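Q: Sequence:
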Amino acid sequence: MMPLGMLRDRRAGEAQTALQVLTIARDQLNADRLRCINALTALIRGHDLGVDARRALTDSQITMIASWRRREEPLGAATARAEAVRLAKRILDLDHELVDNRNQITTIVAAQTTELLDLPGVGAITAAVILAVWSHPGRIRSEAAFAQIAGTCPIPASSGKTVRHRLNRGGDRRLNRALNTIVLTRMRTDPDTRTYMKRRLAEGKTTKEIRRCLKRYVSRQIFRALAAAHRAPEEIESTA
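For the sequence shown, the positions run 0 to 239 when numbering that gives the first Met the number 0 is used.
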């Protein structure tokens with residue numbers, strides 16, 4: 000009997016499997032980078048090493064710290080400086096790894112689909128997360144199913160005479176976060192989205208309610224784009 004993992008990989012395809020691996024690795028790299036930055040900031044603030052860290056460290060400050068050399072100073076300061084250099088170098092290494100990771104993801108996504116990248120607010124990273132969840136044609140069979148997986152289907156939160164819905168906290172949170180990123184980007188840069196926001200705000204909707212509506216719209220738009228571009232094998236055979 001074929002192992003379940005092998006069956007899943009074969010159905011999803013090598014590209015989708017690679018995207019899943021790369022997006023998970025990217026989350027880990029970002030988490031490691033944030034931890035290193037926090038540790039370096041705390042170290043600089045706790046020791047007088049000649050760096051003003053009252054605000055968040057800039058890229059130029061991190062690069063400068065990584066270039067520090069040993070100097071004659073008390074043992075405590077010397078140890079703190081050496082640790083600061085180590086953390087700064089690790090941050091720079093993680094930056095390079097993140098760039099390589101993005102380049103790999105961009106290459107795979109561009110080869111797999113241009114439909115997603117043509118949509119407003121969709122970049123290579125968010126497209127990779129979406130494709131990894133989409134997996135293969137036929138896995139997600141309807142817009143409602145995709146919205147359920149993404150956690151964008153509306154949840155009733157009515158009370159008395161007030162009829163409203165709230166944000167869904169369920170579903171695949173990585174996919175939900177990717178859709179949220181797309182919505183936030185559109186809210187800043189897309190003229191149609193900004194016009195829609197103004198109209199709904201005038202109607203009395205809150206920003207959270209508008210964002211929920213936009214996430215549901217984006218999930219529907221993405222499903223239709225993927226369904227049109229990647230038809231399931233049985234659909235192709237039925238129309239042949």
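Simulated from the structure, these hints should not be mistaken for lab results. Since we're looking at a predicted model, the values are computed, not measured. The beta-carbon is built from N, C-alpha and C at its ideal position, and this holds for glycine as well. Mixed in with the good hints, there may be bad ones.
As the list claims (entries may be wrong) - Restraint-style ranges between C-beta atoms, simulated for each label pair:
| hint | residue 1 | residue 2 | range |
| --- | --- | --- | --- |
| 1 | R223 | R176 | 29 to 35 Å |
| 2 | G137 | D94 | 38 to 44 Å |
| 3 | G203 | R176 | 23 to 29 Å |
| 4 | A76 | T188 | 45 to 51 Å |
| 5 | T106 | R70 | 22 to 28 Å |
| 6 | T16 | T113 | 51 to 57 Å |
Q: All hints are to be evaluated individually against the structure, with a verdict given for each.
A: Verification of the hints:
1. R223 / R176: 29 to 35 Å: 21 Å, violated
2. G137 / D94: 38 to 44 Å: 39 Å, holds
3. G203 / R176: 23 to 29 Å: 28 Å, holds
4. A76 / T188: 45 to 51 Å: Taking Cβ atoms as reference, A76 and T188 lie about 47 Å apart, which means the hint holds.
5. T106 / R70: 22 to 28 Å: 44 Å, violated
6. T16 / T113: 51 to 57 Å: 21 Å, violated
Hints 1, 5 and 6 from the list above are not met by this structure, while the remaining hints are.
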